[in-house]
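> So you can see what is in the structure, the chains are spelled out below.
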Amino acid sequence: MEDQVRKFLQSRFAEAVVREENFRGDQSFYIKPEALYDICQALMEDTELDMHYLADVTSVDWLGHEEEMGGRFEVVYNLYSLQHKYRFFLKAMLPADNPTIDSLTPLWNGANWTEREVWDMMGITFTGHPNLTKILTTDELDGHPLRRDYPLTYEVPQFNWNKDDPPEVIK
Amino acid sequence: MGPQHPATHGVLRVILEIDGERIVKATPVVGYLHTGIEKTMESKLYYKAIPCTDRMDYLAPMMNNLGFCLAVEKLMDIEVPEKVKWARVCLAELSRIKSHLVWLGTHAMDLGAVSMSLYTFREREMIVDIYEACGGQRMMTTYIRIGGLANDIPPDFEKLVRKFLKVMPERLNDYETLLTNNQIFIRRTKDVAVISAEDAINWSLSGPMLRGSGVKHDLRKDNPYSGYENFDFDIALGEKGDTYDRYKLRLEEMRQSMRIIQQAVDGMPPGPYRAHVPGVVLPPKDDILHKMESLIFHFKIITDGFKSPRGAVYQGIESPKGELGFYISSDGTNRPNRVRVRPPSFINLACLPALCEGSLISDAVAAIGTIDIVLGEVDR
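Those protein sequences? They're chains A and B, same order as listed. Start counting the first sequence at 1; every next residue gets the next number (my numbering). Start counting the second sequence at 1; every next residue gets the next number (my numbering).
Calculated directly from the structure, the hints in this document are not laboratory data. Among these hints, one or two may not hold up.
Claimed, not checked - Below are the BS3-like pairs computed for lysine-lysine, each with C-alpha atoms no more than 27 Å apart in a straight line:
hint, chain 1, residue 1, chain 2, residue 2
1, B, 240, B, 190
2, A, 85, B, 240
3, B, 85, A, 85
4, B, 216, A, 85
Claimed, not checked - Covered stretches of chain B (in silico footprint by chain A; criterion: 3 or more residues with CB under 8 Å from a CB of chain A, positions within the stretch not fixed):
hint, segment
5, 201-214
6, 319-331
7, 341-354
All C-beta atoms, glycine included, are put in the ideal place defined by N, C-alpha and C.
Using the sequences and the accompanying hints, generate a full structural model.
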């Protein structure tokens, strides 16, 4: 299956594939972020590969490793073929300031909440998303907690007892 | 509706726009239980991240332990002994039955059959007792560890499991006499919250929600892990994808789980309960008291952990709710750079508007129940 996916990507999106990686049997293709939507649309229409199941959308913050990774944020698309029982990953690297990528919600309804979660937790904007709002964190919380530079014990939610005296930043 | 509403199974809030009794628009609001588990796991050594996992899906804690440990084992390239695999399969399937029993009790209670939860919790107690015999804990077990188990399976494990296997089939038949042909139950569930196979795939649903629509996808068969390829069982499938189909399917899944447990206890091979990988897997407790090297490795692993190779792995397992996946991205240090949990309840819950828009308010209760959410996992 690996070869079929590679052939598919090479034949139609040769210039969009940056590099590929195989670690412990998990195949991933790093692609240029601007080509993501077209690749996924082509995958949706392709009946032979049958990559119609978007299992997950997630993101990784590579703070401190930007140069070797080619960007700070990594967006990971977890695609699965129900027919071939094969899984592979599409990954795109995004820059540190204003990370933006196309939304896949027009193709997959399942991407709706996962993309919202990535935006909420990591601050990556998905253009074309119908409702890109906070999903897990409270409305009062500023910032995106899963970024590596977001301190772990920073306490923002305020209660009655500390309403007038906001808690200190504990790093 | 919610967040404090008994039929929302925790702290789910659904904003319902209604026209009389009809739902025009449903918007689920989640996040009330968000505790930042993924963030916490990033800051911990691999071993110390395991207790975070069973706080997510607390109805099937062994499943979460198993998923995370399999992912770390994949990252570190550890092969576990056969006995561990069989014991894990046995415990995982017990977890599946345990989770389905809670689902059955609460779902039937939402739909008016209040006595069901009394019966299902009676059988759940037997599984919880098995947990207690294994790891000493009834809910947050943390029994499955990287490279093996927390301690050897107890001597009375087989007796307890066999007792459960003897009692359970009859009890399942009892449940069916209460619900399967119950006119009230049928009218509350047939043709309610229907989702077609195409829609289910498009919504990225997994587990009983996907199989209920007739899509044959079960990671235990499709991408076997932990030795599932050695077991003989069938995948239950629904036809129409309505609430009643998913009810029948989950009952059938419990029967198939019992088949697997039967095979697992019958053929449990002898052997060590932990892999022998010095420096990565904790040495057995007995060795620590008698061997100097084991004591040193134990101390090293607990205080400093182990260095993981750089790379990213994904391990998906078939949890009672659906595909539970752990994506671990490592930057070569002793702590994960990122742990992503693919939460099946969260992704399944996203389709709630599609299930209940246009139906009656009381059907929303059936729809929430049939998705089988656990808010600890939705919000993490």
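> Take the hints in turn and mark each one as holding or not.
For each hint, the structure was consulted:
1. Simply put, residue 240(B) and residue 190(B) have alpha-carbon atoms about 10 Å apart, close enough for the 27 Å limit, and the pair holds.
2. About 23 Å separates the Cα atoms of residue 85(A) and residue 240(B), which keeps this hinted pair within 27 Å; it holds.
3. Note on residue 85(B) and residue 85(A): the hinted pairing holds, with a Cα-Cα distance of about 22 Å set against a maximum of 27 Å.
4. Proposed proximity of residue 216(B) and residue 85(A) is supported: the alpha carbons are some 11 Å apart, at most 27 Å.
5. Restraint check on the segment 201-214 of chain B versus chain A: 6 residues with Cβ-Cβ distances below 8 Å, three needed, restraint holds.
6. Using a Cβ-Cβ cut-off of 8 Å, 5 residues of the segment 319-331 of chain B lie near chain A, which meets the minimum of three, so the contact claim holds.
7. Evaluation of the coverage hint for the segment 341-354 of chain B: fulfilled, as 7 residues show C-beta separations to chain A shorter than 8 Å, against a requirement of three.
Going through the hint list in order, the structure satisfies each hint without exception.
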